[in-house]
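Each chain, written out:
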Amino acid sequence: MSDVQQPTTNQEDERRLFELLDRYVETLHREDLQTRRSLLERHGDLADFLACLDSLEDLAPAAWGPERAARSEADSSSTGFRQGDVAGEMSSDPTQNPQAGLPVDFGKYELLAEVGRGGMGVVYRAHQKDLDRTVAVKMILANWLAAPETVQRFYAEARAAGGIKHPNIIGIHEVGQIHGQHYFAMDYVEGRGLGELTQNGPLDGETAAKLVASVARAVQHLHEHGIVHRDLKPSNILVDGEGLPYVTDFGLAKVFNSENAQTRTGTILGTPSYMSPEQAAGRTSEISAQSDVYSLGAILYELLCGRPPFKEETPLDTLVQVLEGEPTMLSRLSRSISRDLELICLRCLEKNPQQRYPSAAVLADDLERFLKREPIQARPSGFDQKLHRWVRREPALVSRLSGFLIAATIAQTAYVLNPVDLDYHVRIMSIIGIWVAVSFLFQHMLHHHSLADFARFAWSATDAILLTLLLAVTKGPLGPLVIGYPLLVAAAGLFFRVRLVWFVTISCLVSYSVLLLLHPEEARPPHYPVIFAAVLAVLGFIVAYQVYRVRVLSRFYNRHRLP
Amino acid sequence: MPNDENSSLVRLLNRARNGDTAARDRLFERCRTYVGVVARAQVESWMKAKVDASDLVQQTMLEAHRGFANFRGTSEGEWLAWLRQILAHNAADFVRRYRGTEKRQVRREGPLYVRSADRSGEYLRDSSDPGETPSDLVSRREKEIELAEAVARLSDDDREVILLRNLQRLPFREVAQRMGRSRPAVQMLWMRALRKLQRMLADAEV
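These protein sequences, in sequence, are chains B and C. So that you can map any letter, position 501 of the first sequence is 501 in this note's numbering, and since no number is skipped, the others follow by simple counting. So that you can map any letter, position 109 of the second sequence is 109 in this note's numbering, and since no number is skipped, the others follow by simple counting.
Here chain C stands alone, though its shape is the one from the complex (with noise of 0.2 angstroms):
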């Protein structure tokens, strides 16, 4: 199932290189949901508030859309990293334009080096393994797009808990804070918000 997934997001994205215009909206459309998730959690936890982030979708899809042509990679991981960028630019722009006066300059300093990381077992990342090649870090990108789907399609409360505390990486006692609930109702319920998770991905890959 997740192969017959994964492989369909690959030929979605070689027809609609080919020109296939209804592969290429398909292709998009299966992609808006992770986009979405991982928007929200990137200018909120940017802009520590709630907000609007669909203007931001819109605006990367529009983009990737358009740039489609620029885009090389053959796999998912390639593909998801690519939009991951665009939405990058994108949300640094965004947080810009809602804070006013920041300048441009963040992203832009700074050495630039690849987050170490290898696969030697299940996400095993470490920085004392050597020999990890970029397709490892593609390939964990693989799993993103069904989480981000599972992800989406949990309760409000679920989602809610599971965005503030993993993707936007609140202590307990702030997401407590943010939902208008007392810290072990906000533990309980992010307990079961990743047992639904996990229960989805794991369907999805029986």
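Excised from the complex, chain B in its bound form (with noise of 0.2 angstroms):
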């Protein structure tokens, strides 16, 4: 690189300058290299120009798709990662280990190939050279133990597991470090994450049943060993060959999970799907081994219909739905799940601890008699519990349903004690039928995921025509009843989204722009209606605002999500 290249003042020279390099870059990009040499050979002057973009190319990433993603990770591994192996002594053999960089010696151990990654590390399978035994190796990234006494408290912690043996649990062996490096080597098991499993289509209830009742009895033994899982989930429980299940990553949530951990690294959060209420709320001291009932639960939720009992598009509305919400029955997702598996599923679920299973045995008991077809211990719930459920599970439909009734039992009074115009009560009392009908209408479109978000548009904007339908055949001034449109914005921000609580404050705008074309006596004096719309407008922005401060917080919590 000698001399540099001569900015042209003339405009003809820099737009040929310009084709010339831009079509060198094409052919570097389609790899054309017979174009690329003739290009070469005719503009050796521009040599230097040419040369520059050779390099900016090496340092592009190898283009999206395997073909070429597969070329760049042999180019690479030529060149140095791999143990003992020097870059002269490669070869471009197509048949080489996928698995660049292994095996590679750790310590007593060789590694021999990566088997799985997840938010804390890698794990390997490894050979144990001491014992010639296979073992898996998990090496713990750096990040998380950044601090001296989250690496105690991991050491404690891997101890405490250290001592556990069971046939459905993944023994650890041994905790240490080397290079720095912070390890532990447990079990190998040959097999698959339990959420792999469900990939096909969900589980019958007795397979599912059998293996959720194996993990039970796993965790009670651990329970038994006052070790709390705190992070049972499919991607924890491995099934081998045989189809039995094996707990693995038992104990560790607590030490990565604490609120230091958090706050430093800000990519602890999990899926909220598996977590308890009381570990989702973050209420760390109210934790106990029901916590782990509730995870087994929607476990065994997830393996009879193929998905979690909670899981919605962002982890604040996963989160919104494990502290308040109600899982779908699971009756009404697929006929064929027995209605007893469904019980102890919704005993497990229960958002209170104490009406959970009290222990993972019992869970497993029950489990058990459901396949030795003996009456289980889990009841239907009683009135009030449904009812409470409902409430729970339809927030919407119950919180209009409310309103409707007080509003009907004081029009329905007022009439008992002054009956004198019965056509004009049976309008009021019509126009609220009609409302309730329509509610139930649109609760139904809410639970077909296609007709959710039309749903929640359409059911706002004709509660906002019925009200204006409700008030402008009221008799006699209005007053405060024009507070049911603030009523309506406000109750819009509890669906989470900006974009409906503008347009249920445009839609009260309008409709009570209508009203006020009906009743022109309300429009006096002529600046109240004024303040009254700039007041909900006001309102709509306050909640609008609210709503969009919770997605942020939203956002920012699924940016840090791991999968």
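Honestly, the hints are just simulated from the structure, not real lab data. Misleading hints may appear alongside valid ones.
To be verified - Short derived list, chain B residues pointing at chain C, Cβ under 7 angstroms:
1. Leu20
2. Cys52
3. Ser55
4. Phe383
5. Asp384
Here the structure is a predicted model, which means the values were calculated and not measured. We put the CB at the ideal spot given by N, CA and C, even for glycine.
With the hints as a guide, bring both chains together as one complex.
This is the structure in structure tokens:
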């Protein structure tokens, strides 16, 4: 690279130079080597420029796509990562181990292949040389163990876990550190994650019950040794070729989920789908064996219907559901699911830990009763519990119905006390009746995923229209009755959608204008409606802004979550 | 000058290997820019969106730091290739995490072979020319750290256009769209950025 290309002042030259360079870049991207060579030969004067483009191309990642990505991996694996394999000895043999860099010596282990990767580390299949056996070695990513106290707790926890022996638990052999790399060695199980089992559709009731019963027994064993798993989820349960489950990664969640670690790394939050409400709410002091019972229920639920009880688009929505919602009834998702298993799931998924199974063993007993076709212990819930669940499951409908009930009661009382105009009373009551019927219809639509978004908007618009209709037929001054509009706006915020809030606000403003056209006498003094409309708009803005703020938090949470 | 730079990196490498922690820290510090530029290009071309790659860089540096004992190469080129490999692993993870559902398979399938390349001229590569040795591959890498540093030193707009056009291989139409400018404007910007880059590299070499 001797002389710098003089910038040409002539526009035509500049254009030609650009075209040449651009063409050259294109040939690089296409890997059109012939054209590239001829360009190089013809434009020796631009060698510096072209060399610069070449280098940039080398800096670029392999283009998207398996072939090229694989090629780049081969490219880079040929240069040093392989243990004891210096560049000169590399071959371009296409049958090379794709797990570049392996095998690698690691203390008394030889790492053979990467078998899994989670948030907190990478798991390798390894050969333990002194005992000549196959083990799994999990490397803890350094950023998880940045603070000395975390390291200490990790060791304490791993040692406690080291004492556990159970046929359905992956035992920990050793915990240690080699070259500053913290790791632990454990049983190696040739198998796959429980989550993969449901990829081809849900399991039948018996298989699911058997699996979860074994897992529950294993978890009970942990509890008896004073360890709460805290992070039971399908990916932490391995299933071997014979369909036997193995619980892994227990107790460590405690080390890594401490508040301290959360604020430091911000990446610890997993999916809350399998988390008990007390864990999801961060009430760490309330976490107990029952929290694991909850997670077992969530796993059973997923095995039976293919999806966890709560899984919304964003972790925030999921979290809200875990804390406040009720799972869709299993019998609603599939008719083939046994009613008994549904009851068992619901008992595990109770929000209040006291109402769940008292221990994992009791859960296992009940599942085994189901398998033996004996009557199970979990009882269908009583009326008040059912009502409670329904209220939680259908908050939009229930809040409206209670509003209607209050309004209808008042109207009825007023009529009873002063029965002058039956016709008028019937009109009022039938509008409320229509409103109730429409609400049930929209509630039904909310449950169909494809209609849900439409239902939310249509329901809100219908609310505004029916409210206006109701006010329009009302005799006498409306007075405080227009409070219905601000109520609708505030309620729209409960869906956590900014657009919906604006939509409702505008619907209400439009409806209010229509109402004033129908009842011109309400527009006196003339500045009152203006004030009311302005306040309505401001209220809409405030609610929308609050929803927006919650959304921002949700996005933040989403970005820092792990798969 | 460049030879000095090169050998200094190799010197750092050797001293770090012999347990000199200060040298090790300097070595990693020297490579951070390089990893940063490659990381951004890599994840952004996969994600097709502007992303914050600093986590990825951090993670890669940490893993390299930790796995340093496993690195056996001796040249700068091998060293950078090693870093890139760790980066590629992490980038795939990062992309998958962002997309949520993507499986880990993508990079693991398909035949593997070393990209044919040769150096019969300056940076010449041609699949029809056999006789290339892996060390040739390696020495091509040695320009990269200087180049990455030069790219990082460019002004924001200049760097952006190089990243989008050369490292992410976007057509100018799209580059213009991403940068919110007209196509002729980004083309001129590109030419200017290339000239600056090339000058920086030439200066480094003198």
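Each hint tested on the structure:
1. Because the beta carbon of Leu20 of chain B sits about 11 angstroms from the nearest beta carbon in chain C, more than 7 angstroms, this interface hint is broken.
2. For Cys52 of chain B, the interface hint holds, the least distance from its beta-carbon to any beta-carbon of chain C being 5 angstroms, beneath 7 angstroms.
3. Because the closest C-beta pair between Ser55 of chain B and chain C is about 5 angstroms apart, less than 7 angstroms, the hint holds.
4. Below 7 angstroms, beta-carbon pairs count as interface contacts, and Phe383 of chain B has none with chain C, the closest being about 41 angstroms; its hint is therefore violated.
5. Contact between Asp384 of chain B and chain C, as hinted, is not supported at the beta carbon level, the nearest pair being about 40 angstroms apart and thus beyond 7 angstroms.
Hints 1, 4 and 5, counting from the list given before, are not met by this structure.
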